[in-house]
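*Asks:* Now for the letters of each chain:
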Amino acid sequence: MLKLAIKNGFYRPARTFLTVLAVAAILAEILMLEGFMSGTYTQLRKSVLERGGDVIVAQTGISNFIAARSVLPQQVRAEVEAQPGVAEAHPLTSLMLIYEAGGRLSPILVVVYDDAGGPAAVTEGRAPQGTGEITIDRALARRYGLAIGDKLTLSAYDFTITGITEGAAAIFTPFAFVTFDGLIDFYFESDVGADIAAFPLLSFLLVDVTPGADPAEVAATIDANIPDADTFLPETLATNDENLGRELFGPILSLLLGLSYAIGALAIGLFSFAAVRSRKKTLGVLRALGFTTRHLMAGVVIEALFTALLAIPLGVAMASGLATLIENISPVYLIETGNPVGLWRTGAIAVLLAILGGLAPLGTMRRLDPATAFRG
Amino acid sequence: MFNWTFRELFSSPQQLLASVAAVASAFALVLFFEGVFAGESEKIVALIDKTDADVWVMQEGVGNMHMTTSFLADWKIDAVAGVEGVKKVTPILYLNSVFEAGGRNWFSFVVGMEAGDPRAGPWEMARGARAPGPGEAIIPEVIADSAGLGIGDKVRIAGEDFTIAGLSRDTFSMANSITFVTLDDLAETISTVGTVSYLLVDAEPGVNPAELAERIKAEVEKVNALTREEFSARDYSIAVQMGLDIVWIMTLIGGALAVLLTGFIVHSHVSERERELAVMKALGVRDRSIYAALLLQALAIGLLAYALAVALIYLAVPLVGVLSPKISLGVTTAALIRSGSTAVVVSLIAAIIPVRRVLSVDPVSAFQQ
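Chains as they are written, first to last, in the numbering used here: chain A, 647 to 1022; chain B, 210 to 578.
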């Protein structure tokens, strides 16, 4: 049956090509969805891990970086730096602002830093160094056609773009970076000045520990001695943000993936059904020669498996190409199609769908009359 | 030709059903994806729309509620209240936060409302108090159910414990759930003194909201004022634009899938009916007419699939609401028009796929055994 199934595959190359292409496109779509979610979680993790520091200090009760507002009293920095094992504590804050141009509105997460926690990858220009300077991510630059030296107006305050970063975005939101000097000027000179008292000046501290000190022990010491602060190892805070992302996007991912699997099963079922219909006469001959329904169905399932096996590498290549294209057009997205777990899972699902889809024409096969072989 | 087209299409109802279902699922994927963004976009403006203030006042330079920050000195409450045509001013504090409930973290927008005044509070309750008292919170019923919590249980917001006093409805979506606490509690939690985020302004009867907004901007220092419609439209626009690129990408992917599936179906029809096509050609039917017939078949499959996908999404909206209340689905006219246009384009492209096959059919083969 294996030989017959493979022979059938090559008998009508145009139909086989279309079938393989369609299954590959479905697999590519599944890989893209998985890659989109995986990329979203990676972006959330990177948002924390790229800030640096051995220990991160936040407001008591705040256990996330990206989605929560943390406000630390100013004196906490000095208190943290006084703890044993602490070499230096670098201040960090962030604020959400809306950039509006050409009738479009885009939220931006502005990360404010001093001497640590700034942009991890400046691909053009340089990081901001003082008042009125801002570095923006390529996602924002691409969306609005912004370049180094251009003005970026936020709350009626004009920043000058000094650099373009790569990969600084999370949850569809590009990041921008300014220094604390830049923030103070922004607060006083922009429209927000009148109500400055309410704005956060210190959200997190990025703590460098002294050489040889254990970050976990230093974190425990800070926790024990400073009631206004909670401490996290960067990995823990990153995991918290990733988990929040899973909580936010998990249900919808399951729904969309479920729908994609349904498309896959329906499509492969349709192909198998069409393959059986188009070869009724041949199958009738086989039935007349004594082949049972089980034998014939095995042939159809093998053919579906053969299609799936050809489609898997093509689907992976298609997903990878599409992901690169999308990331270039809209860099706010990160689509990780090369995740080995996702690849294996999708491959296994393709095989399962092929088996399920291959069984679709079971009814037709059961009703197949050997006399078909002798009709004109 | 017209009769032949539809007779052939309906000659195998099983195959037609499978074909339409496969193509419909590709369209449904696009509609579902877009539906999620539409559902979230509708929820993002729920507070603005449902509280139905005539004018919203915020910090100058701010024109949105979500994904931004607004703070106003509290003396501006009285200043706005003193503007001619203002009936009532209701201040709120507002911030995005992550709160802990039932051992899990939940993203939520937290609204600090004046104790005892439900004006800016939840608009639909499942049970419990409509306005929180000191130390109390009103959380979405969906979160309470998922976390296994009820009235009297504790949740932790920014490190502070709050007792659940009420469970609200229509206040939850994946990225836009709303929690209500008192303004004083929230101010203390986030260490702000003497500030609020937004003012909900109710106008005197007969006062034009747009004119009132202009008057407030002119008379009160450094504030922005927008009518409810403007404010809501701007926030809706933010949500839509955040998902715009990815929705287009999914539309293209879903469209490409539909092209391949429809193309395969039409190609199979041609392959199975080569002899009939040969007879037609022998009888003088032109290739052009055969293409038109194939195009009609592709269009019929595409449009039937589109209709099925639309039916599925309309069925899914209430069903998902019951089975998976964490997901908010919405259907917009724009999405329906876009998918409908995609269905037509898909059919046109798919009909091209079997062209070579049709050309290769030899009329002589009709007379060969």
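Since the hints were derived computationally from the structure, they do not count as laboratory data. Please note: incorrect hints may appear among the correct ones.
[What the hints assert, rightly or not] Below, simulated BS3-like cross-link-like pairs (lysine-lysine); rule was C-alpha separation at most 27 Å, straight line:
1. A:K797 x B:K431
2. B:K259 x B:K426
3. A:K927 x B:K490
4. B:K431 x B:K490
*Asks:* Hint by hint, say whether it matches the structure.
*Replies:* Now the hints, each set against the structure:
1. A:K797 x B:K431: Answer holds: A:K797 to B:K431 is near 23 Å, not above 27 Å.
2. B:K259 x B:K426: 24 Å, holds
3. A:K927 x B:K490: Within the cut-off at roughly 24 Å; holds.
4. B:K431 x B:K490: 79 Å, violated
Hint compliance for this structure: hint 4 is the single one not met.
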